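*Asks:* These are the residues of each chain, in order.
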Amino acid sequence: MPTELYNTLSQTAATNNWALIYPELILGCLALGLLVLEVILPKFSHGVIPRIAILGQLLLLGYILVFDRTGCTHGVAFGGMIELTQTAQVLRVFFLIASIFVCYLAMVSFENKTLARIEYFAITLVITGALSLMAMSNHFVMLFVALETATVGFYILVSYFRQNALSLEAGLKYLIMGALSSAILLFGIVLLYGAASNPALASSSQDSMNFDNLHAFLAANSTDRVALIGMILVIAGIAFKIGAFPFQVWVPDVYQGAPLSTTALLAVSSKAAGFAILITLVEVFAPLSAWLVPLLSGVACLTILFGNFAALTQRNLKRVIGLSGVSHAGFLLIGVIAAQAVPQATAWVLFYLFAYLLGSMAVFGSLVHLPKAADAELELDDLGDLAKKNGFLGFALTVGIGSLAGIPPLAGFIGKFLLFVAAFKAELYALLAVAIVGVVVSIYYYFGVIKGAFFEIWRFQDDEEATPSETAQPGDLLTWLGRLTIGFALVGSIVLGVFQGPVGAWLGGW
Amino acid sequence: MNILHFAIAAPLLFAFFTLWLGRLGRPATQIVSVTGFAIPAILALAAWLTYDPVVAGGYDFVSRHNTGLEAVGITLHLGLNGVALPLFVLAAVVGLAAGLYAAQSKAESLPRYMFCLLIMQGGLMGVFASIDVFFFYLFHELALIPTFVMVGVWGGRDRSYAAMKMTIYLTLGAMLSLAGLITLYVQSGAESFDLIALKEALAAQPLSETISYYAFGLLLFGFGILVSLWPLHTWAPLGYGAAPSSAAMLHAGVLKKFGLYGLIQIAVPLIPGGVGQWENWIIWLALGNIVIVGLVAMAQRDLKQMLGYSSVMHMGYAFLGIAAMSVLGAAGAVIMMVAHGLTVALLFMLATMIHHRTQTFEMDEMGGLAKKAPVLSAFFVCAIMASIGFPGPGLANFWGELTIFLATYELRNWLVFVVVGGVVISAIYGLRAISRIFFGVESEDFQEVQKEHTVKDMTWTERVPALILLVVLFLLGFFPKTITHPINDTLNAEPAYAAEVKASEGEG
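If you read the sequences in order, they're chains A and Y. Using the working numbering, the letters of the first sequence map in sequence onto residues 1 to 510. Using the working numbering, the letters of the second sequence map in sequence onto residues 1 to 508.
Worth flagging that the hints you see were computed from the coordinates, not collected in a lab. One thing to keep in mind: the hints can contain errors.
[What the hints assert, rightly or not] Each computed DSS-like pair below joins lysine-lysine, with the alpha-carbon atoms no more than 30 Å apart: (1) 425(A) with 106(Y); (2) 451(A) with 389(A); (3) 389(A) with 165(Y); (4) 451(A) with 165(Y); (5) 106(Y) with 389(A); (6) 106(Y) with 451(A); (7) 106(Y) with 372(Y).
[Unchecked claim] The calculated label-pair distances, taken between Cβ atoms and stated as ranges, are: (8) 111(A) with 23(Y): 28 to 34 Å; (9) 68(A) with 24(Y): 53 to 59 Å; (10) 23(Y) with 176(A): 50 to 56 Å; (11) 50(Y) with 505(A): 56 to 62 Å.
Keep in mind the model is a prediction, meaning the values are calculated, not measured. We put the beta carbon where it would ideally sit given N, CA and C, even for glycine.
So here's chain Y without its partners, still in its complex pose:
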């Protein structure tokens, strides 16, 4: 038993405790469930501080157990490498913030809600801690199922339709990626789902061109649906629009990164040839994400829809980073994933807080909120700046986007112009949202609302989760080294990414 076991098991165990002790009343539910989120957060922090990859094949905290499928090549093989570590920490941090926020919310039958959220958290911790590809998939699904339930039961407008659409889209994505993973299992000849064993087998004997084409295609589109690759993204804005805020935080912030993580950690290193074969597809679809979805986000008048589209849009950058097939691109994508995860979680949380005050998500029906809630507006402005990739206040997103732009230049130099144009798009809708919600004159609808509700600023229970996310965001913005070092070490050891570096070294 090591840190990872506890970090995965604690939320799952506490989920059942919450259900069981929930009958004692609201405070008991809150204490038990928040403990369930705090334990993995503390453990992840400990893992971050003590991470030492020299131990075993680039992985730390390694353990392996047989659950009965060893003969099929499946074992519970856990460990963290430099790419998994930042995401593991991300999952823990966002989980804690979402948990804290959910615990103080007015959700109906809170114990059941926290149960779903804790199960999701357990799955998330497992996804990034798995070396075995099978468990990687299994934990993802474990986290996904509660999302559907939460959207369907506790969701807002159109929840039934949104839950159904999400379920079908994401199941399709999951099935395609599962088919891709099984292809690797069978075709590699490794007879194992262990990522390390697969890597060794495929390094010794790479896949033939045809097989790598199909295997990578399956993984690309399977994972692509899960990450809302254009034009398969339509579930995302709808789902996030309907999802209760903590579920949207965990899904958009962390769970969605599963697909990108799978591409960086599994698809590209195992099938390096596939990236070249699908390069143009990735580039053009990613541009669809950035430009088309960006424009769609600009047209939104509903705050939550806008955030949903904006989160879809930013995935395009990560896809470009992956398509670049270089350490720079992949590292940029990982930083981007972490920074975007924190930002989008923060934004979804703030959006709900705004909704509590204005009783609407329609931005036209708000205005002048800064006067009534200055702290909230400060948080929101920071979050939007981060989301745009604004370099000023030392936010982590900037480093992610910058490295991706550099990698994109190496990929196709004309792409940079388009991609930088994307930043302008997100600046337009981001800044416009700030001005519509917080500044200017109060709209008539908002004045109506104020007659019935007194608008207060953020309470402390709301500030704590927001602060957690913002502090980590600043921390990574000022000291990106803390995550870039492990990412670098891992990716440089990966022949698929390091190929270019070695080639250029050879020339030198």
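Chain A with its partners taken away, still in its complex shape:
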């Protein structure tokens, strides 16, 4: 028995599969380490633990960026379970950056709360690892396990403010909708598995949940009805993740109720992971593109229109951001569809995601410093003259919103512009027309946010009576760490809009 174990271990070491996922392993260890620290450290020094989480991730990020930017591209590991592509490596960095931001947001929003906090950071780290495994997965089993790891983590994070009814409601909604979508996805996977391992059909295989084998099978049987239904169900399951129509219903409520940092994680990382897997699957399902392209195009159109028009009437900030996120999913879908005809489009989708990350983080970073940030009832009016009360936060919010709206010369504009070029090249004219309508409509509600922050709002006399010393002011909790973090998102949004040079080269497309 010991010899067998030794053999297995030495084999594992020889193939060295684990080395491929070292960032995820480190993230997992870091998460466990945080929990251990909570036990070891005396209570008064617990404030240092979130900082350790951020520092650990920063070191990991630094290591990857310096030594491993393109290092181990194209590694297949664990018997085809995982395939590390350039895209996956880029997304890994993406998830890390997002997670660092989220940790910062959580640090600020837990400042005046009596909640267990260390678990939040541990779970965030685990989710980040799971999402980056999801981006690497090359097998439905891996995909499903990673997806569920992340989703279960999200169940907890969404309802983290357990004294808050809205947070609990959001958690319940996310739980039910998440479970439903997992079920749909699983059903789709099973159908595909069943179809592709039918020995009576050409190119069937024993391991038909492997994406390469599945692709080969679909190429040989592009008219298989069972596989087709399977594909539609799988896409539906992923549409839930990215918040695409008609699976966007959970988005406004959950975004509103969840703690701000969780909203950020959902809006950015979870959505990006959905797109990562969609990019992979679109290649796998390429033989069925006669069905896939119209399906995705329809979804993209409706997603853009729904997201933008639904956001028009909202007054609640988190709902606005949630619904604007829905429309961003629609824009990204255009890029994913175009990627079938235009190879560079994948890199452009990644660029869009990075622009979205920086823009969102600038917005969330300034919102978290509002006195009512913890509330789910953060209204547009609560921005009241943010620019006047705290110029830095007002500027950050404006740049973030501007970037999300796609206003030049900010990163979001370049992202949208590149997707438009991709859509033109792929001759998706109808989608483009819808996208333009979407952009114009979106200006209305983005502008509303900027208006709230900049333009003076007429207020009732009663409101003025509260003296400034009693009420919290925006930016009270802004430390140098905050300025650095938000400043990074801010400067990044501007710089990526003007000078894309090295980043563009690294994203690998152009």
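Position chain Y relative to chain A; hints supplied.
*Replies:* Below, chain Y without anything else, positioned relative to chain A:
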């Protein structure tokens, strides 16, 4: 690094300096921000004097940098040709006047206001200096965003609604023109946004009829919304009415010319076939601008609204000049753009000065101001004369309108009668405004106002920016050669415009 880099970078840099040094007090803000406007003005003047187009493909001051999108066909390619040069100078001059005027104004939180204005100026300098179509668009948007903020924060009546309406209209226009530009990029096969490369590719292989129809249509209506083509003009009077004066000066004077410039410099040379396909549309919509909007301007009692409608009306002439598809028409449109830019900026500035004295924009509540403020009335009369296109005092507008009328005659001879009728319309509302504001008896409301405010004539800080604009206007009126030569050279080298000339030469 050459003149153009500095002219674009200086306002942007000084915008941040203003924000940073603004805390030192009002004088510091004024000095720093005015420097930010003066540098591009001096550089533009230098560019005007040293302009020598023989250097590279009709462009001077050429430079090219890769910002990371070279593989997509986008580079920061800067340069000036004969059409861009006058507008570049216009942007610098109007910018300086607007900057000087804003610096002495009583705007709340002046550093932030100057920040927005300087960012706008940087964008404007970039628009006309870009050879790359992508940056041309990007700089336009860079200049546009501060406008919305300025209207929304520092604007007057209905500012919130006006800012929102402007934003949505102009975004729609910008998106349509962006779609048109991307169409050119994809369909030309040049895989480049470089105007020169696009020209070469499309000269070698013109667009098919269907594609040129749609591409030109997108550009026409996209740019058209930005230039307030009838009936998509409703944002303009409202926006200008609400905008603070220096923002209105820069937008109505310079930024709005972006659309016309795009049509002359990009749409027509690249898609010459499209003009013929859309000719009737352009003519009838431009007539809408001249006749309908002209009549609407006549009915206005609010001075700023009247100026807004009048500026919309004059765009109709420029559209007709473009529709003529000849060197004459296009050159007329360019001269018109420059002259109109200077005039309308001057008028918006004078309107605000009048408002300071009468506390109203309602022309019925003024009257007899000439006695109290003779210098102001002299300026205003000159500006209105220029705006009408009155040939007498040697104002540049006349040359623009004259050449456009000649080109219009070649286009459709009956049009001339309608168009000249337009001059009568603008004469009516212009002269009536002069008489209502400056002459006649003081209205009761104005007498009321005088009890609380003593009405003084223009101060020197007000005279300097007005003089700058008026002097350039006269300069171009007496020596139109200084800009017509470069315009001519560039347009004659452009096959799309020169086609007619060559055809007639061939016959001869």
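*Asks:* Now tell me if each hint is right for this structure.
*Replies:* Now the hints, each set against the structure:
no. : hint                          : result
1   : 425(A) with 106(Y)            : violated (51 Å)
2   : 451(A) with 389(A)            : holds (14 Å)
3   : 389(A) with 165(Y)            : holds (27 Å)
4   : 451(A) with 165(Y)            : holds (13 Å)
5   : 106(Y) with 389(A)            : holds (21 Å)
6   : 106(Y) with 451(A)            : holds (22 Å)
7   : 106(Y) with 372(Y)            : holds (22 Å)
8   : 111(A) with 23(Y): 28 to 34 Å : holds (29 Å)
9   : 68(A) with 24(Y): 53 to 59 Å  : violated (48 Å)
10  : 23(Y) with 176(A): 50 to 56 Å : holds (54 Å)
11  : 50(Y) with 505(A): 56 to 62 Å : violated (37 Å)
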